[in-house]
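S.K.: Residues per chain are reported as follows:
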Amino acid sequence: MQKYNKIFLVIFLFVFSTTFLFISCAPKKPISVKPQVDETTIKAEEKGKQKAEEEARLKAEEEARLKAEEEARLKAEEEAKRRTEEEAKRKAYEEARLRAKEEAKRRAEEEARRMVEEEARLKAKGEKKKIEEEKLSAIMETETQPLAARETEVRTVPALEDIYFDFNKYDIRTDGREILQRNAEWLQKNPGAKIQIEGHCDERGTTEYNLALGERRAMSVKKYLISLGISAERLYTISYGEELPIDPGHNEETWIKNRRGHFLIIIKP
Amino acid sequence: MKDRKTEYRSQKPIFYLVFSILCFLSSILCPSFADTPDIYLSITRTGGSKIKIAIPDFSLQEGITDRENLSSKGAEILREDLEISGLFKTIDNKDILNEVDSKDKKSGKINFKEWASMGTEAIVKGHINVEEGKFNIECRLYDVKRGEQITGYKYSGDRTIFRQMIHKFSDEITYRFTGEKGIAMTMLAFVSKATENKEIYISDYDGHNIRKLTDHKSISLSPKWSPDGKSIVYTTFKYGNPDIYSINITNGKKTPVSTFSGMNMAGSWSPDGKRLAVSLGKDGNAEIYTMDMDGKNLSRLTNYRGIDTSPAWSPNGMEIAFTSDKSGNPQIYVMGSDGANLRRLTYQGSYNDQPSWSPDGNKIAYSSLNSGQFDIFVIDLVGNSFQQLTSGKGDNQNPSWSPDGRNIVFSSNRDGRYQIYIMKSDGAEQRKLIYIEGGGYSPSWSPRIE
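Chains as they are written, first to last, in our numbering: chain V, 12 to 280; chain A, 1093 to 1542.
If you are wondering where the hints come from, they were derived from the structure by calculation, not from laboratory data.
One or more of the hints may lead you astray.
Said to hold, decoys possible - Result set (EDC-like, lysine to aspartate or glutamate): computed pairs, CA atoms no more than 16 angstroms apart in a straight line: (1) Lys-1330/A / Glu-164/V; (2) Lys-1330/A / Glu-162/V; (3) Lys-1186/A / Glu-1172/A; (4) Lys-180/V / Glu-214/V; (5) Lys-1309/A / Glu-162/V; (6) Lys-268/V / Glu-172/V; (7) Lys-1226/A / Asp-1158/A; (8) Lys-234/V / Asp-1375/A; (9) Lys-1273/A / Asp-1263/A.
This structure is a prediction, so every number in the text was calculated from the model and none was measured.
Using the sequences and the hints given, assemble the complete structure.
M.R.: Okay, here's the thing in C-alpha cells:
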C-alpha cells in the first residue's frame, strides 16, 4: 500500500502545481498586452514617414541658424566692446568715489575711537557701546515682524487717511508718503493711541496671493511709519486680502479704491 | 488498533486523489475561487473607447409606492457616476432601456441577445426594498457577451445614504473593469458665502449633498483635505488674525494648527499626512514653512524678502511647488521638500499661481492671468510642455485634481458669480457642478475615503 501512497502523492502534487500555474497565469493577459502593442505599432510607422522630412527641415534650419548666429556674434562683440569701455569708465569713477568715502570713514572712525576712548577712561569700560548695539538690533527685528491685534475693539478716526497702492504692488507711492506723513503727525499728537493697519487688495488675483500681498502692504505702511519715528509697539497689522472690498464693483474705478491701506485705532485692550 | 491504522492509511491516497481532482475542477469551473481575480477584464479594447453599459430603472419591492421616484433616481445616480468616470458610455434612450427591461421581467430571465443588439457590453440591474425603515439595494453587474453575472452586492442603510450606496456600487463597477478604484465616494470642500460670511462647505464629489461645515461668522478660506480624508485644514479670521485651523468632518471638532502673528495660510499636506506645508507671514513677509499638525517643529524652506505662497506637496513627497514674486511678479517654482534645488517652472505670463499636482506627479495645473483674465493651464513636467485648459468668458481659478487624475474641479465666474465647475483633465466637458447662492470658491477634491 505504501508504494501506491507515494504514487498518489506524486500525482496530487503534479496536478496541484499545474492547476496553480494555470490559474496564476491565465486571467491578466488580454487587457494588459493588447492596447500597448497597438500603440507602439502606430508610433513606429509615423516615425518612419516623418524622419526624412524632419531631417531635411532640421538641416535647413541649422544653416539659417548658423548665419543668424554669426551675425549675432559680430553685433554682440561690438556691443561687448562698448560695454567694457563704459564699464571701465564707470569703475574708475566709482573707485575714486569709494576711496574718497573710505578716507572720510577712516577719519570719522578715528574721531569716534578717540571719543570712545576718552569716555571709557572717564566711565566704566565698554558698557555704553554694548548697550547701543543692542538697541539697534531690537529695532531691526520689530521693523519686519507683524503684530496681531487679536480680540480687540477698533474704530475709525477721520484724521487717519487711507493710502492707495498700484496693482500687484506694495511699495508706498509718493501720494501715499504725504498721507503717511500726516498720519504720523496725528500719532505723534496722540502718543497713547495704538493703531491697526489693514492691508487690502482688489478682487483680481488669487485668494492666497492677495492675502500675502495685503500683508506686505500693511507691513510697508508700518515700516514707513517707523521710519517717521513712530514706535513699532503702537502699530498692529492685519491683511484681509481681497475679502473686504470697500466697493463691490468689477472695474478699474472700484479696484483703485480697494487696493488700500486702512487705519483704525484700537480701543481695547 | 493496528488494523484501523492500516485502514486509515489505505484511504489516504484516495483522499489525496479526490481532493486534487476537486481542486483542478473547481479552478476550471470557478477561477475566482482559487485566484480571486477581482478585476474582470473579459471586455478587451484598444485605445480610449468607452465601455457601453445599460442601466434600466431599478425594480421595486412589490407593494411599495415610489413617492420619491427612487427606482429611476437610483439608475440616474449610477449613470451619472459612470459618465463622470470617463470610462463608460451609458445608454441614454430610457424608453428602449425600460422596454427591454420589462421583457426581461416578464420572462423572468435576462435576454442577453436583445441587450447585445443595442450594442451594450454590460448591464446593471438594481432592486430596492424597504425593511423596517431600512433601505436594501441589490445591484448586479452582467457581462452581455458571456451572458453571466460579473458581480453583485447588497447594500443596506438609512434613507440619507441612498446616494452613497449607489456610489459604492459605481466604484465596484469601475474597479471590475479597470482594476482601479473609482472616485464616486470622494468629496469636495469649498468656500461659499451662502450665509453672510465665507464659510467652509463640503459635498459629495458629484456636487450633491452640500453641507455647511463651519459656523465662524467670520472669513474662512482655502480648505484642504487631509490625505486620510478625515479632516480639512483652512484659514479663518475668527480670532482676529488669519489662523490655520483643522476641522474633523465627522464630528466637527476644530483644533488650532498655526496661529502665529500675521498671515497663516494652509497650503498642502505631505502625502503621509504627517507634515503641513504652509505660508506664514510671521517674519514680515510670506515664507514657506513645513510643520507638524500641532504647529510645532517648524522648518523654514524659503528665505526671500518677498511673497512666497501656495505650497503644494508632490504626490511622492519629494518636492514642493509654490508661488513666489522673486522675479517681480508671481511665478511658480519647485523645490525639494527640504527647500533645496529651487527651480522656476513658469515663464509665460505675468501672474501664475495655485499650483496643483496631478496624482501621478507628472503634471501641475495652475491659474494664470492671460490677457486680463485668469485661466487654468497644465504644465507637463515629463514632456516639458504646457496646455491651456480653459478659455473664453470669465476667470477660471483654483484647479484641484480628482484622485484618479481624470477630472479637475475649479471655480469660475463665467456666468457672473464664482461657482464650482468640473472638466476632464484635458479641458473637455466643462460644466457647472455646483450652483450655490452666495457663490463657490477654492474647491479641494478629497482623496479616496476608505
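S.K.: Each hint needs a verdict: does it hold in this structure or not?
M.R.: Results of checking the hints against the structure:
no.	hint	verdict
1	Lys-1330/A / Glu-164/V	holds (14 angstroms)
2	Lys-1330/A / Glu-162/V	holds (9 angstroms)
3	Lys-1186/A / Glu-1172/A	holds (14 angstroms)
4	Lys-180/V / Glu-214/V	holds (14 angstroms)
5	Lys-1309/A / Glu-162/V	holds (15 angstroms)
6	Lys-268/V / Glu-172/V	holds (13 angstroms)
7	Lys-1226/A / Asp-1158/A	holds (15 angstroms)
8	Lys-234/V / Asp-1375/A	holds (13 angstroms)
9	Lys-1273/A / Asp-1263/A	holds (6 angstroms)
Of the numbered hints given earlier, the model fails none.
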